[in-house]
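S.K.: Each of the two chains sits in its own frame; use the hints to bring them together as a complex.
These protein sequence lines map, in sequence, to chains F and U.
In terms of the numbering used here, the first sequence is residues 1 to 113.
In terms of the numbering used here, the second sequence is residues 1 to 111.
In case anyone wonders, no lab produced these hints; they're calculated from the structure.
There's no promise every hint is true.
Covered stretches of chain U (in silico footprint by chain F; criterion: 3 or more residues with CB under 8 Å from a CB of chain F, positions within the stretch not fixed) [unchecked claim]:
hint: 1; stretch: 31 to 45
hint: 2; stretch: 100 to 110
Label-pair ranges, simulated between beta-carbon atoms [what the hints assert, rightly or not]:
hint: 3; chain 1: U; residue 1: Glu58; chain 2: F; residue 2: Asp62; range: 37 to 43 Å
hint: 4; chain 1: U; residue 1: Ser9; chain 2: F; residue 2: Ala79; range: 37 to 43 Å
hint: 5; chain 1: F; residue 1: Pro83; chain 2: U; residue 2: Ser41; range: 17 to 23 Å
hint: 6; chain 1: F; residue 1: Glu95; chain 2: U; residue 2: Ala17; range: 27 to 33 Å
hint: 7; chain 1: U; residue 1: Ile74; chain 2: F; residue 2: Ala14; range: 45 to 51 Å
hint: 8; chain 1: U; residue 1: Asn57; chain 2: F; residue 2: Gly40; range: 26 to 32 Å
hint: 9; chain 1: F; residue 1: Glu95; chain 2: U; residue 2: Lys52; range: 19 to 25 Å
hint: 10; chain 1: F; residue 1: Leu39; chain 2: U; residue 2: Pro7; range: 19 to 25 Å
hint: 11; chain 1: U; residue 1: Lys3; chain 2: F; residue 2: Ala7; range: 32 to 38 Å
Non-contacting residues of chain F with respect to chain U, defined by C-beta distances greater than 10 Å in every case (computed) [unchecked claim]:
hint: 12; residue: Gln11
hint: 13; residue: Ala15
hint: 14; residue: Arg17
hint: 15; residue: Arg18
hint: 16; residue: Gly53
hint: 17; residue: Pro75
hint: 18; residue: Thr77
hint: 19; residue: Ser80
hint: 20; residue: Thr103
hint: 21; residue: Val112
hint: 22; residue: Val113
Note that the Cβ used here is the ideal one computed from N, Cα and C, for glycine as well.
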Amino acid sequence: IAGITQAPTSQILAAGRRMTLRCTQDMRHNAMYWYRQDLGLGLRLIHYSNTAGTTGKGEVPDGYSVSRANTDDFPLTLASAVPSQTSVYFCASSEEQGARGYTFGSGTRLTVV
Amino acid sequence: DAKTTQPPSMDCAEGRAANLPCNHSTISGNEYVYWYRQIHSQGPQYIIHGLKNNETNEMASLIITEDRKSSTLILPHATLRDTAVYYCIVRAYNAGNMLTFGGGTRLMVKP
Numbered sequence: 001i002a003g004i005t006q007a008p009t010s011q012i013l014a015a016g017r018r019m020t021l022r023c024t025q026d027m028r029h030n031a032m033y034w035y036r037q038d039l040g041l042g043l044r045l046i047h048y049s050n051t052a053g054t055t056g057k058g059e060v061p062d063g064y065s066v067s068r069a070n071t072d073d074f075p076l077t078l079a080s081a082v083p084s085q086t087s088v089y090f091c092a093s094s095e096e097q098g099a100r101g102y103t104f105g106s107g108t109r110l111t112v113v
Numbered sequence: 001d002a003k004t005t006q007p008p009s010m011d012c013a014e015g016r017a018a019n020l021p022c023n024h025s026t027i028s029g030n031e032y033v034y035w036y037r038q039i040h041s042q043g044p045q046y047i048i049h050g051l052k053n054n055e056t057n058e059m060a061s062l063i064i065t066e067d068r069k070s071s072t073l074i075l076p077h078a079t080l081r082d083t084a085v086y087y088c089i090v091r092a093y094n095a096g097n098m099l100t101f102g103g104g105t106r107l108m109v110k111p
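Chain U extracted, bound-state conformation (with noise of 0.2 Å):
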């Protein structure tokens, strides 16, 4: 898998976009940019994916560069429910069952 940089923290207020960036210069072509978060003593929640087009769901957007070296995770209206460990991965479609957790970023949603 190829190595991602996020920064360890960041705040946001609540209701204003929190955009949350991932490093991944050295991804390679058939490699997909994952999302997951954790909130406090739960287990990490998937949010969303993907290779090279920007990516919307029901919980966020995921706007990646046409070099494909990082991508930007974006919660629309952030509310204090979205404080969470936020990572970033990046590993092939097919790549066997290695999904490799980092530090990821600690998002703190403030009043």
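This is chain F alone, in the form it adopts within the complex (with noise of 0.2 Å):
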């Protein structure tokens, strides 16, 4: 079935600790991006990507770097993890720059401890 796959589902994490959260897509979409949810919370982007190469910042990009080495994989890295962390991450794609539906993944819970 095509689309988004997060990895890992769910993780807790020491403070100060590097993570990598991995995200693919079969769908050949160009745009990907990378949003957090914070409990009770909407969405936030943390970072896009229109095509491979490029990259940009979101709302709330700090603590946060992505890469787009290709078009299936957007990884996203959080340095040295900190509390404020703790989220759930969902990873998404587009063909185009928003102009139709975005597919979302099922997401990646984070607990920084």
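M.R.: This is the structure we're talking about:
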């Protein structure tokens, strides 16, 4: 089934540790996105990529980095995790820059202790 | 993106139509109305979008007023699985990458 795969599904991480959240899509979508969703709140954009080889900052980029070496993969890295990064992280993709609907992954639940 | 206003919560009886309103009085001529929903603990799911004409797909219908200042998402026969938070988002076709999710409407479908 075509879609987005995120890994891991959940993780408990010690503060100060480095962590990479993985995101892979098989729909050949050009654009990909990372959002975070804190308990009871809406989604906030962290970083995005319009096409392979390019990335951009969203609303809350601090403490996160991304790379887009190819069309399918868009990993999100926390260089040194802090408790405020405890959240659910959703990866998404779209055919163009939001021209149609976004497809979201199932999320990664990250707890930083 | 234009600001949207949605009621925080609504109830609907199973099998009845669920009508979810959204106000977007500052919408611009090139902005579309998008609807997504998020079922508990899952990623948001695209439902439908439209510019000015009413739209229908296998999931829902979207009714946009003639002045485009408000819209209604209609789930014709709500089921318990339609219980979710529904987000109305207004944005231009080529607005870039900031898909902004507001508070949404928490729809509770009851037996």
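S.K.: Compare the structure with each hint and give your call.
M.R.: Taking the hints in turn, this is what the structure says about them:
{"no.": "1", "hint": "31 to 45", "in the structure": "holds (count 7)"}
{"no.": "2", "hint": "100 to 110", "in the structure": "holds (count 5)"}
{"no.": "3", "hint": "U:Glu58 with F:Asp62: 37 to 43 Å", "in the structure": "41 Å, holds"}
{"no.": "4", "hint": "U:Ser9 with F:Ala79: 37 to 43 Å", "in the structure": "39 Å, holds"}
{"no.": "5", "hint": "F:Pro83 with U:Ser41: 17 to 23 Å", "in the structure": "21 Å, holds"}
{"no.": "6", "hint": "F:Glu95 with U:Ala17: 27 to 33 Å", "in the structure": "31 Å, holds"}
{"no.": "7", "hint": "U:Ile74 with F:Ala14: 45 to 51 Å", "in the structure": "48 Å, holds"}
{"no.": "8", "hint": "U:Asn57 with F:Gly40: 26 to 32 Å", "in the structure": "30 Å, holds"}
{"no.": "9", "hint": "F:Glu95 with U:Lys52: 19 to 25 Å", "in the structure": "22 Å, holds"}
{"no.": "10", "hint": "F:Leu39 with U:Pro7: 19 to 25 Å", "in the structure": "21 Å, holds"}
{"no.": "11", "hint": "U:Lys3 with F:Ala7: 32 to 38 Å", "in the structure": "36 Å, holds"}
{"no.": "12", "hint": "Gln11", "in the structure": "15 Å, holds"}
{"no.": "13", "hint": "Ala15", "in the structure": "25 Å, holds"}
{"no.": "14", "hint": "Arg17", "in the structure": "25 Å, holds"}
{"no.": "15", "hint": "Arg18", "in the structure": "25 Å, holds"}
{"no.": "16", "hint": "Gly53", "in the structure": "15 Å, holds"}
{"no.": "17", "hint": "Pro75", "in the structure": "17 Å, holds"}
{"no.": "18", "hint": "Thr77", "in the structure": "19 Å, holds"}
{"no.": "19", "hint": "Ser80", "in the structure": "26 Å, holds"}
{"no.": "20", "hint": "Thr103", "in the structure": "7 Å, violated"}
{"no.": "21", "hint": "Val112", "in the structure": "19 Å, holds"}
{"no.": "22", "hint": "Val113", "in the structure": "21 Å, holds"}
The structure is inconsistent with hint 20 alone, although it conforms to all the rest.
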